[in-house]
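2 protein chains.
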Amino acid sequence: MAELIGNLLVAQSGGPTSVINASIAGVITEAGHHECIEEIYGGLNGILGILNEDLIDINDELSKSIEGLKNTPAAALGTCRYKIDFKNKPEKAAQEMDRLFEVFAAHNIRFFFYAGGNDSQDTVHKIHLEAIKRGYEMSVMGVPKTIDNDLPATDHCPGYGSAIKYNAVTVAEIGLDVGSMATDDGSCCIIEVMGRAAGWIAAGTVLAKQGNPANAPHIILLPEIPLDEAAFLARVKATVAEHKYCIVVCGEGVKNQAGEEIGADKARLDAFGHAVLSGAAEALATLVQGKLNLKTRTVKLGYAQRAAAHYASQTDVDEAFACGLAAVRAAIGGKSGLMPKIVRLNSALYRWEIGLEPLENIANVEHFIPREWISEDGFLPNAAFIEYASPLIEGQVQIPHKNGLPQYTVLVKSPVEKKLAPRA
Amino acid sequence: MAELIGNLLVAQSGGPTSVINASIAGVITEAGHHECIEEIYGGLNGILGILNEDLIDINDELSKSIEGLKNTPAAALGTCRYKIDFKNKPEKAAQEMDRLFEVFAAHNIRFFFYAGGNDSQDTVHKIHLEAIKRGYEMSVMGVPKTIDNDLPATDHCPGYGSAIKYNAVTVAEIGLDVGSMATDDGSCCIIEVMGRAAGWIAAGTVLAKQGNPANAPHIILLPEIPLDEAAFLARVKATVAEHKYCIVVCGEGVKNQAGEEIGADKARLDAFGHAVLSGAAEALATLVQGKLNLKTRTVKLGYAQRAAAHYASQTDVDEAFACGLAAVRAAIGGKSGLMPKIVRLNSALYRWEIGLEPLENIANVEHFIPREWISEDGFLPNAAFIEYASPLIEGQVQIPHKNGLPQYTVLVKSPVEKKLAPRA
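Which chain is which? The protein sequence lines are A and B, in order.
The opening position of the first sequence corresponds to residue 125 in our numbering, with each subsequent residue numbered one higher.
The opening position of the second sequence corresponds to residue 125 in our numbering, with each subsequent residue numbered one higher.
It is worth saying that the hints were derived from the structure and are not from the lab.
Some hints here could point you the wrong way.
One copy or two, either will do: identical chains are not told apart, so a pair holds if it fits within one copy or between any two.
[Unchecked claim] Using 20 Å as the maximum straight-line C-alpha spacing, the simulated PhoX-like pairs for lysine-lysine come out as follows:
{"id": "1", "residue 1": "Lys361", "residue 2": "Lys459"}
{"id": "2", "residue 1": "Lys250", "residue 2": "Lys207"}
{"id": "3", "residue 1": "Lys333", "residue 2": "Lys526"}
{"id": "4", "residue 1": "Lys415", "residue 2": "Lys361"}
{"id": "5", "residue 1": "Lys368", "residue 2": "Lys537"}
{"id": "6", "residue 1": "Lys207", "residue 2": "Lys419"}
{"id": "7", "residue 1": "Lys188", "residue 2": "Lys526"}
{"id": "8", "residue 1": "Lys213", "residue 2": "Lys415"}
{"id": "9", "residue 1": "Lys250", "residue 2": "Lys459"}
{"id": "10", "residue 1": "Lys216", "residue 2": "Lys257"}
{"id": "11", "residue 1": "Lys542", "residue 2": "Lys415"}
{"id": "12", "residue 1": "Lys213", "residue 2": "Lys250"}
{"id": "13", "residue 1": "Lys526", "residue 2": "Lys537"}
{"id": "14", "residue 1": "Lys333", "residue 2": "Lys543"}
All chains, please: the whole structure from these sequences, using the hints.
Encoded structure:
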C-alpha cells in the first residue's frame, strides 16, 4: 500500500469489558501523533451505527476525557452484537458491505479499527479482504477484547485480567464471610461467573486462594469438564466436613454428562411449562441443598464482573491501551488485516510485549484451557494455570472519585455531518 | 456500680458486614488504654462459642493485626445466628444463661461487648438484666452492626454505608455496560440486593444516579411497598422507550399485593413439585421477559455486598471503629445496658458524634424507610433520602495488597485455657 492519508474510524463491538475503552484511548492517543491521520471519528454502536452513518467527532472531546477512558467501564462509543451474516443471508450481507464502503468513502476513512472478540475479529477480517477486493485503500485492524479470554494467538485478552481480579476479590471476601459464619451445621455458597464455552473466568478465581488450600474457592466447575454429580457432591461433603463450609465457583455454561447446560435444565418448568433459565448456580444449589440437606446460597455476578472498573487490574489497563496504540502504529506503517496480540516474555518476573497476528488466524477460533492446567479430578486449576494467571491481576487502579463514587468519562459525542441518504 | 476491675470479653453475632471488625478493633484499641481492664478475650462464634468456653487471648495477636481488622471483612472472631430462646424454650434458655454466667465468672469477665443487629441487641439486653438480677458486677454493652440499617435510635448502622457504596458502584457500572449495549431492541437488567423486610439497601443504590435522572437505577423495588405488577411493567416499558434500556434494583424481600415474597413464588415448581426459591430478581425477569418480550438479565449480589471491604466507605469504617471505642469508654465510666449510636449533627456538611441508647429501646424494634422519603409512585427514593444517604458512602479505603489482592487480617486465635467442664 502507498502511504495512506485520510481519516480514522474506531468502533467497539460485542460485550463490553472494564478496559475496552482503554484500547480506544490507545488508538486515539497514538492517532493524534501522526499527520497522515486527519480526522478521528468514532462509530456509534459498532457496525450497526456505521451502517447508519452514525459517526462522532473525537476531536470535539476533551483531552481529559480521552485520559479518563482508560478507567471507564462499558463501551464509551456504544457497542452491538450485530453480525454481517454472509452464511445465512448472503444477499443482505453483500448490501451491508456495499453500504459500509459507501460510508468509508464518503468520510474518506483510510484507517479502520474495530475492538471486539471472536465474532468481531471475523467481521474485521471480512472488511479487510473486501477492501483489497474493491481496491479501496484502507488499513483495517482488529483490537482484541474479551473477558472470556478465548481468542487464539494472544497470550491472553485485554479485559480478562480485570474480570478475574474482581471475581477473585469477590470470592475471597465471600469466603471470609461464609467461613466466619460456619458452625457445625455447615453451609455452602455457589458463585456463578461468566463463560459459556470456555472456563477461563471461572478458573481465574483460583487466585482467591492466595496459595492457601484451605481458602475459597474449594471447587471450580468449568464448562470444559462435564459435571459428575456424584463426585461433585462427594467433594462438597468432604469440604464441609473439613472446613464447615464450602465455596463453589461455576462457569455459567457448566454442562451435564449429556452435554446440556445445567442452567437451562429442562426438568425445571415454570407455571406455564417453560424451562426455568435461572442459571447454573441455582441448579447446583437445588442439587446440593436437596441431596446433602446443606444450607446453600447463590451469588450471580452477571454484568458486574465485566464492568467493575473500580477494581480493574492496572496491568490489564496498560495492556489494553498498548494494544490500541500498537494497532495505530502498524497501520501507519502500511499494515492491514492484523490484530495486536500480547506476547509473554517472562512469567515469574512478568514482562510482555505487543506482537501482531493475521486476522485469518483469529476469526472464529476459540481457545480453551489446556487440560494439563486442570487437576486430574477436574475440580481446580493447578499450579501451571496459577503461574499463567497471577501476573494478570497485578496493580490497583486509582480512579478519581466524587461524592464517594468513581467519576467515569461520558463522551460528548458530537455527530459528524451525514453525507449519504439514510439506509433503505 | 463500683469501679470494675477484671477481664474483657468481646464477640460478634449475626451476618457479617464489611466493618464489623472495625468495631472490634475499636473495642480492643480503647481497652488497651485502661488499666482496670486486665485481659482482653474474644469469644469465638458469638454466644455459641462462649457457651462452649471457646475464648481466645487477644493479647497474643500482633498489633498490626488489630489495625488490619479495620479493613478486614467478615467476622474475624467468627459469628453465629444462635438465639437464647426464652420464649419457646424457657428451660433450655435458663440453663444457657446459667452457663454463660459460669463462663463469665470462671474468667472474671467484667466487661462484655457484643456486636450485632436487632436479635443480638436483644440477647445483650437480656444478659445485662440477668447480671443485675444475679448481682454479678459486669458492664454489658451492645455494639451496633447491620447492613440492613434497621436498628432504631441510631441515625444509621455501621455496615450500611459500605454496603450501599459497593452496591451503588455496581449499579452504576452495570448501568454503563447495559446502556452501551442498548440498541432499538431494548434490554432490561434486574439487580437483586439484600433486605428482607426493610428496603434501606435497595434504596441506597439511588446514589448511583449521581444526580442524573437518566442514569441507572431507573426503578427501585422496596419490600415496604407491595409490587403493583401493571404499574411496574408500564414503568419498565416507558424507561426502555426513553433510554433503550432499563436497570431495576429489587430488595430480596419484595412482596406481591397479597404480602407474599415474590422470590418464593409458589406458582413456580421444580421437577419434584417444590417451590423454586431462585429469588426476586429471577421472578421479576420471568415477568418482564414474558409480558414485555424484552431481553432481561439478572444479577444477584448476595453475600458479596456485605463482604466487599475492598470498596468499603471510609466514613463507615471510622464510625464503626468509633462505636467500639465509645462502648469501652462508657463501660469504663461505670455504665451498662447501652448501645453506642450515631448522632447526625449536620447533613450537608456531614458531621456526627457518638451517643448512647438504652438497649431496651433497641431490642427487637425494626426501623423502616419513612414513606415520605419515597416518591409518590413508590419506584424511587426522593431527595430527602438522598440527602440522608449521600454522606454515608464518602471516602475510599486504602488496603494493603499483595499479588494483586487485598491482604486481609487473619487472627492467630490462641485459645484461653478452659476452666469449666464441657457443657452437657
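* **Copy assignment of Lys415 with Lys361, given that the CA separation must stay at most 20 Å** => within (10 Å within a copy, 41 Å between copies)
* Asked: 20 Å Cα cut-off: does Lys368 pair with Lys537 within a copy, between copies, both or neither?
  -> between (54 Å within a copy, 17 Å between copies)
* To do: Pop the pair Lys542 and Lys415 into one bin, within, between, both or neither, using alpha-carbon distances up to 20 Å.
  => neither (62 Å within a copy, 38 Å between copies)
* Asked: Quick one: Lys188 to Lys526, C-alpha cut-off 20 Å, is that within a copy, between copies, both, or neither?
  -> within (16 Å within a copy, 30 Å between copies)
* When no copy is named, should Lys361 and Lys459 be tagged within, between, both, or neither for a Cα gap of at most 20 Å? -> neither (57 Å within a copy, 47 Å between copies)
* To do: First find the shortest C-alpha distance between Lys333 and Lys526 inside one copy, then the shortest across copies, and answer within, between, both or neither for a cut-off of 20 Å.
  => between (33 Å within a copy, 13 Å between copies)
* Same-copy or cross-copy closeness of Lys333 to Lys543 [CA-CA at most 20 Å] -> Classified as neither; 56 Å inside a copy, 37 Å across copies.
* Is the C-alpha distance from Lys213 to Lys250 at most 20 Å within one copy, between copies, in both cases, or in neither? -> The answer is within: 15 Å in one copy meets 20 Å, while 74 Å across copies does not.
* Asked: With identical chains treated as interchangeable, where does the CA-CA distance between Lys216 and Lys257 reach 20 Å or less: within a copy, between copies, both, or neither?
  -> within (18 Å within a copy, 86 Å between copies)
* When no copy is specified for Lys213 and Lys415, does a C-alpha distance of 20 Å or less occur within a copy, between copies, both, or neither? -> neither (48 Å within a copy, 30 Å between copies)
* When no copy is specified for Lys250 and Lys459, does a C-alpha distance of 20 Å or less occur within a copy, between copies, both, or neither? -> For Lys250 and Lys459, only the intra-copy Cα distance (16 Å) is at most 20 Å; the inter-copy one is 78 Å.
* Pop the pair Lys526 and Lys537 into one bin, within, between, both or neither, using alpha-carbon distances up to 20 Å. => Neither. Shortest intra-copy (23 Å) and inter-copy (39 Å) distances fail the 20 Å Cα cut-off.
Of the hints listed earlier, those the structure fails to meet are numbers 1, 8, 11, 13 and 14, in rising order.
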